[in-house]
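Assemble the whole structure, with the sequences as input and the hints as a guide.
Protein chains: 2
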Amino acid sequence: MSWEEKVRKVEPYVPGEQPKFSDMVKLNTNECPYPPSPMVEQELKLINEQEFRLYPDNEASELVHALAAYYHTDSNRVFVGVGSDDVLAQVFLTFFTNGQPLLFPEITYSFYEVWANLYKIPYKKLPLTEDWHLDGFTNPADQVGGIIFANPNAPTGIYEPVSYVEEVVKAHPDCVVVADEAYVDFGGESALPLTEKYDNLLVVQTFSKSRAMAGMRIGFAIGNEKLISYLKAVKYSINSYTMNTTSIRLGLAAVRDDAYFKTIVGKIVETREWFKKEMAALGFTFPDSMTNFVFVRHNRVSGKELYELLRTQNIFVRHFNDPLIDDYLRITIGTREQMERLLDFLRVYLG
Amino acid sequence: MSWEEKVRKVEPYVPGEQPKFSDMVKLNTNECPYPPSPMVEQELKLINEQEFRLYPDNEASELVHALAAYYHTDSNRVFVGVGSDDVLAQVFLTFFTNGQPLLFPEITYSFYEVWANLYKIPYKKLPLTEDWHLDGFTNPADQVGGIIFANPNAPTGIYEPVSYVEEVVKAHPDCVVVADEAYVDFGGESALPLTEKYDNLLVVQTFSKSRAMAGMRIGFAIGNEKLISYLKAVKYSINSYTMNTTSIRLGLAAVRDDAYFKTIVGKIVETREWFKKEMAALGFTFPDSMTNFVFVRHNRVSGKELYELLRTQNIFVRHFNDPLIDDYLRITIGTREQMERLLDFLRVYLG
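Quick mapping for you: the protein sequence lines, in order, are chains A and B. Read in our numbering, the first sequence has 306 at position 306, and its numbers run on one by one without any break. Read in our numbering, the second sequence has 112 at position 112, and its numbers run on one by one without any break.
Calculated directly from the structure, the hints in this document are not laboratory data. Take the hints with a grain of salt, since some may be wrong.
Any copy, or any two copies together, can satisfy a pair, since identical chains are not distinguished.
Unchecked claim - Think about it this way: if two alpha-carbon atoms lie no more than 27 Å apart in a straight line, the pair counts; the simulated DSSO-like pairs of lysine-lysine are:
1. K232 - K120
2. K9 - K170
3. K170 - K45
4. K276 - K9
5. K125 - K304
Here it is in structure tokens:
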């Protein structure tokens, strides 16, 4: 075998593009249109570069404690990582590499399939219902290696009630069930309380959307102490120090400003509901989103075509080259002004 | 199988402790005793928290370009990660999971064995020579899955010349060879130029030691474009955005200030050479270190005993519970004042 034949070869996830134009309307990667809390600004000013010569706290204790306090749980039930993608990658390696098939929805966050392939995890994609709700996860089944779903789901935006999550966990006591709640703050109710009742449920969230901190790379998982300790053992077998000094300090500041967090989330939800009405009036159809994006289609223009057209206007939205959903566009909810600019263009183009 | 039987169970790496006492002398995790470049301080002041709402550049291009320019190479030959541990974990997964045994030294960075176990990579530890030089790596051998060694080696501090690295690579054209050069800036010559000549050699370095940025978590690998692209495919199959906004910006500032970098490295080397003489005068023996630490033993007091004793003085050094080296202590080179405080204590205790 040559050295090249000995290499692990994978097809990576393709993230949304990160264009940098001064006049662009960036609605393609579900970032928050508002800056982080003013407390983050204050904390940033207090950071002294002299600290950087030392390793950070490998347990990121201050951030972990702040999250535990915020979610009324114990610190040993909280795990943090470099964005929820880092947390999820470690979740896949820790809980799903047992040889039995992992279950996830046919339409969902496309990174799940990439992680499964990377770690050679067999998997089954469960088709959604006709109206795109999760389906089949509540059926008891033997020989299931694990379950993961996004709730609300992406890119559909559809939310399943906590009672559904509980049914899934009840039907699968013999594997770890992961609820990826990246978008839950925009209207859903978290399954976090269920982690007190079920040992095998892990809830994953992120600072990249509702907490306006995509640039700082912070994600976390909450579950029973045993789940978290297995996850920590894998984390400490990969990289002792994942969270750098600034992400610990600034993440902590963001968690502490709950009033600001609720204000910006409230504004995004308000904009989303108004935007839905405007889009419906233009003839767009879409599932009822509980996230900071809307997944839309129009029967007179293809998703791909509209995506290209919007690019010419410096308006960036997300299009997926997947035959199941290629009629659709995923549009992040930005500021009211950004959405107006998009709507103005669509009104002229379609009208 | 219960959910717990389906979990991947591992024995993690145990990093050196990170005590936080105001009056301590911290010589246990090979950090730099000097702060990062004043250009890092300036850049920190220019960071605007408004940027944090957006994802960072997933390619960390500015940092990658700066490293490429510094090392006179192309950007597509550079890979960055969250400390060299993050880089190395991805190197193990990408290049060493081919089923054939990985070779590394019997005494070396103990994380190699942890990564091998995590990814279920078979391995052979090659014993060092009697005077602790690398041995056996230049022997041609079939069925080798990969090779990794630290040069200078840790915790011995011993450096092998670039000609030795070249012999290793020549003897093993059919697997990837990784030179972990975390400490090379303190007196060694890097094998980087060899990566232009050999496709299967990868060199890994870090900002945590000579660049005084352990807290920012920045490491990098340089090798031929094909090696780097395989590594990137795995990276993009784990986490699209690993380097946060601050690590990209501040890492860039650190690379740009070459004069400062050379000044602090020069001071550390000077302190090390003086410290070696003082320790020899006290009856300590040690290999000739080319790093920012010295690996010492004394025939009148055990490593463990001395470690405990120094702790009572708020002086932290590293002791390893490995029968091959448990007589030794690894002592980081701090400031001259820190080393004086250690020496003062040792003079009284031993004298």
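We went through each hint and held it up to the structure:
Taking the shortest alpha-carbon separations for K232 and K120, both the intra-copy value of 21 Å and the inter-copy value of 18 Å come in at or below 27 Å. In this assembly of identical chains, K9 and K170 lie within 27 Å of each other by CA distance solely across copies; the values are 24 Å between and 37 Å within a copy. Taking CA atoms no more than 27 Å apart as the test, K170 paired with K45 passes in neither setting, with 48 Å inside one copy and 51 Å between copies. Within a single copy, K276 and K9 get their C-alpha atoms no closer than 42 Å, and across copies no closer than 47 Å, so neither meets the 27 Å cut-off.
In this assembly of identical chains, the alpha carbons of K125 and K304 lie at most 27 Å apart only when taken from the same copy (25 Å versus 54 Å across copies).
Consistency note: the structure conflicts with the earlier hints numbered 3, 4.
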